[in-house]
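Let chain A serve as the given structure and place chain B on it in line with the hints.
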Amino acid sequence: MFGTLLDKLQSIFSKSLVIGSIPLLAFLVLHGLVIYHISDAFRARVQWYFGLGTGKTAELTMVLLLGVAVISYVLSTLSVFLREVIEGKHLHFAWLEDALSQRYRERLAVVEENLAAARRFRRNLRSFQEASTNLMGKAYRTGQTTKVCAYQRRPQLTALIDSRAANQDITLAQLEGEVNAIAMILGTNSPELDTDPSKNLDADYVALLGLIGYALDKADAEYVRYLTESQFDYAGHDVAPTKMGNISKIAPYYASSRYSMNIDIFWTRLQKVAQADTNFYASLQDAKMQLDFLVSLIWHTLVFTLVWAILLPLLTEAKYLYAIIVVTGPPSLWIWYLIALQNYRAFSDLLRSSVDLYRLDLLKTLRIPLPANAEQERLVWEMLERRVVYDDHSNFLLQSS
Amino acid sequence: MPASRKSLLVLGNTIRVGIIVFYLAWVGVGFYILHYKTMNRVHSQYVATADLPVGHRLRASDFTIHPTVCPTVDADRLSPSQLTGKYLSHSYTTGKPLQRSDLSVAPVIVLGDKKMRYVFPLQKQLDLVESLNTGSHVDVCWKVCVLENARVLSIVGPSGQGAEYYAILEIAAGEDTNVAGEIANYRLFLRNE
Numbered sequence: 063m064f065g066t067l068l069d070k071l072q073s074i075f076s077k078s079l080v081i082g083s084i085p086l087l088a089f090l091v092l093h094g095l096v097i098y099h100i101s102d103a104f105r106a107r108v109q110w111y112f113g114l115g116t117g118k119t120a121e122l123t124m125v126l127l128l129g130v131a132v133i134s135y136v137l138s139t140l141s142v143f144l145r146e147v148i149e150g151k152h153l154h155f156a157w158l159e160d161a162l163s164q165r166y167r168e169r170l171a172v173v174e175e176n177l178a179a180a181r182r183f184r185r186n187l188r189s190f191q192e193a194s195t196n197l198m199g200k201a202y203r204t205g206q207t208t209k210v211c212a213y214q215r216r217p218q219l220t221a222l223i224d225s226r227a228a229n230q231d232i233t234l235a236q237l238e239g240e241v242n243a244i245a246m247i248l249g250t251n252s253p254e255l256d257t258d259p260s261k262n263l264d265a266d267y268v269a270l271l272g273l274i275g276y277a278l279d280k281a282d283a284e285y286v287r288y289l290t291e292s293q294f295d296y297a298g299h300d301v302a303p304t305k306m307g308n309i310s311k312i313a314p315y316y317a318s319s320r321y322s323m324n325i326d327i328f329w330t331r332l333q334k335v336a337q338a339d340t341n342f343y344a345s346l347q348d349a350k351m352q353l354d355f356l357v358s359l360i361w362h363t364l365v366f367t368l369v370w371a372i373l374l375p376l377l378t379e380a381k382y383l384y385a386i387i388v389v390t391g392p393p394s395l396w397i398w399y400l401i402a403l404q405n406y407r408a409f410s411d412l413l414r415s416s417v418d419l420y421r422l423d424l425l426k427t428l429r430i431p432l433p434a435n436a437e438q439e440r441l442v443w444e445m446l447e448r449r450v451v452y453d454d455h456s457n458f459l460l461q462s463s
Numbered sequence: 021m022p023a024s025r026k027s028l029l030v031l032g033n034t035i036r037v038g039i040i041v042f043y044l045a046w047v048g049v050g051f052y053i054l055h056y057k058t059m060n061r062v063h064s065q066y067v068a069t070a071d072l073p074v075g076h077r078l079r080a081s082d083f084t085i086h087p088t089v090c091p092t093v094d095a096d097r098l099s100p101s102q103l104t105g106k107y108l109s110h111s112y113t114t115g116k117p118l119q120r121s122d123l124s125v126a127p128v129i130v131l132g133d134k135k136m137r138y139v140f141p142l143q144k145q146l147d148l149v150e151s152l153n154t155g156s157h158v159d160v161c162w163k164v165c166v167l168e169n170a171r172v173l174s175i176v177g178p179s180g181q182g183a184e185y186y187a188i189l190e191i192a193a194g195e196d197t198n199v200a201g202e203i204a205n206y207r208l209f210l211r212n213e
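Sequence order for the protein chains is A and B. Offset between the first sequence (1-based) and my numbering: plus 62. Offset between the second sequence (1-based) and my numbering: plus 20.
Worth flagging that the hints you see were computed from the coordinates, not collected in a lab. Bear in mind the structure is a predicted one, so any value in this text is a computation, not a measurement. Wrong hints could be hidden among the right ones.
In the BS3-like style, the derived pairs of lysine-lysine whose C-alpha atoms are separated by at most 27 Å in a straight line are [what the hints assert, rightly or not]:
#	chain 1	residue 1	chain 2	residue 2
1	B	K106	A	K151
2	A	K381	B	K106
3	A	K311	B	K26
4	A	K77	A	K350
5	A	K381	B	K134
6	B	K106	B	K116
Covered stretches of chain B, going by a simulated chain A footprint (3 or more residues, C-beta under 8 Å) [stated by the list, open to error]:
#	segment
7	26-40
8	43-56
Which bits of chain A does chain B cover? Going by a derived footprint, with three or more residues having C-beta under 8 Å, they are [as the list claims (entries may be wrong)]:
#	segment
9	347-357
10	379-390
In this text, a Cβ means the ideal position worked out from N, Cα and C, and glycines have one as well.
Bound conformation, chain B alone:
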């Protein structure tokens, strides 16, 4: 039986509208998948390569891509440059996925009892910026060592132009007087790395 004019028109319009609806539906599904997957995955792209203490300033060698995540496709993952220089607000064991919420732009410093901070400029020892980190121990010397085995609390980097790095050292109250006035001459010597 030949189709009527009206039924053909309805069928034709249904096909056209159906294509548009199908596309919109797929777009909606796509957004759902992307949103859901992103929520579960974005923060677990990188894992720690070693045990990292609280306050650790991240370097490129401190993390790697999770071996179960396909390394060839990962657009929503933070780039490594977005991680390096950040400070950990929690300690990490080797292999633990890095969480964005555990990363801080500001230094995270945990000071021991009856201890104080001592800010030591690193302008003349920029090579130490990459080797020192939270938990490192250093001696402060010039002719003689006035501070021995001081714990590094944090390394503070420059916010703008220039290379103004500082090592935040943990010292006992009163020890700061040992280097007062002569600070430009003193150098740090790494002890345990």
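So that you can see chain A by itself, here it is in the shape it has in the complex:
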């Protein structure tokens, strides 16, 4: 249902129809080239077509383009269904859906586990950073009072500096060992004398602080990576049989989990409000158009590959053409799919942004007083949903203007 509503975004725009026709046109040409290669009769037709003379060829071309436009329009009405098939929404058998989605449930479990571990590690590292800074600072000040320095760098510290230069991970235990060693050395050696050992000690003290900062940056990056995967690839624990299916669920899940807003119900209304921001709405439409373009490309590539992978051997035709099609078809399909996933993530992010940015404007448009806080807002959306969907008669206070 949500997909159908989204599709209304573009159905009225001729620009999207034109762009949506590009994959169809491209693949009709490809089909034509294959048929031209294998069929004398078709070849004769093509020669007849080009021998008609400029005027008649142009007329026939117009008729053909009109045909393409009609097919494109018909296919555009199927675009939601075709996208939903890729999202794994029409599998019909629950066991099949469960089996295919199990892989993503497993991955989600790993992501959540890694995310928790990264969060713990980051927290421990921050505490360690504070404690070690204090420890080494105290030792530094003690060492300042001594007037001697006999320092030689430990090989373990050199190894850690090398690890940093090679962008390798540094463990907390490794850092702890070095901090304790340097703190002990700093307590009995002055890092502020004008001698080489003293200068080296000071430099290594600074380097060790830098290593702790480096480990923290790496931990932050890892945490963000897992957080992004969990937020951009999964809608909570409602897991779909395909990656695209999981991404498609994110925006509705986001609206529901953050605001108790049912985006299936309120999207059309929200869209009306979002249209007021022409720049944002144009971005939303463009993202949708790109997604539909890629979904169309996936289907055309799939159909082209399968049709000719089956027909050419049955017709015992064109061995080399068959080789090209069966070898290049699946990788092309996979590449389109990966690009489509990226576009879907961007589109999904725009949908979430539109919920964040325009939901309160929607309440204003509906003349419902703005809630005082976030929890009250949840209640408002839940009550609105009940009233709109279930004909619940709970009363609302409406603003007069």
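Below, chain B without anything else, positioned relative to chain A:
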């Protein structure tokens, strides 16, 4: 009984791998079919439309697509332009399928006993290139006919630019002296076609 996590995972992966294996298997079958069928068929796409002697230089009218081969689909067949201009290394009867192995790029010339070749330039009679062929008989004349009923052994075409065609004639030893020195003036006259 609810399925276990592990069994679902195995089933899901089996389905995914199964689709890939099925595709690869079909691709393999497809290659097998194409290879097998091609071996049996490629050389029998065209049949001779008339009896053709050894050394005959093929023209578009000398062959046609085999009536039992579907004329609408045939991508692996040689195009007619790949056949025309080639020479037959074996004779063909009407309806016999042309074999690629019987086609030669170089002229195939079968010379009779005690006979010799005479190369006659066709620059001034290019219209004869299409009407003369192996087995044709010609007279060589200028004012008078110095050679009569000479058999054409082959027609040799140009390899690059220019229209340098020659008729290779079969003549008796010594007959070449009849046209020596005056060859630019002599013309061929087709006798039996």
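Taking the hints in turn, this is what the structure says about them:
1. B/K106 with A/K151: With a Cα-Cα distance of about 61 Å, the restraint between B/K106 and A/K151 is violated, given a limit of 27 Å.
2. A/K381 with B/K106: holds, 25 Å
3. A/K311 with B/K26: The given pair, whose Cα atoms are some 25 Å apart, holds under the 27 Å limit.
4. A/K77 with A/K350: holds, 12 Å
5. A/K381 with B/K134: violated, 50 Å
6. B/K106 with B/K116: Given that 27 Å is the threshold and the Cα spacing comes to 17 Å, the pair holds.
7. 26-40: That given contact holds, which follows from 7 residues of the segment 26-40 of chain B lying within Cβ reach (below 8 Å) of chain A.
8. 43-56: As far as the segment 43-56 of chain B goes, the hint holds, because 9 residues have Cβ atoms under 8 Å from chain A.
9. 347-357: violated (count 0)
10. 379-390: holds (count 7)
The structure does not agree with the numbered hints 1, 5 and 9 stated previously, though it agrees with the rest.
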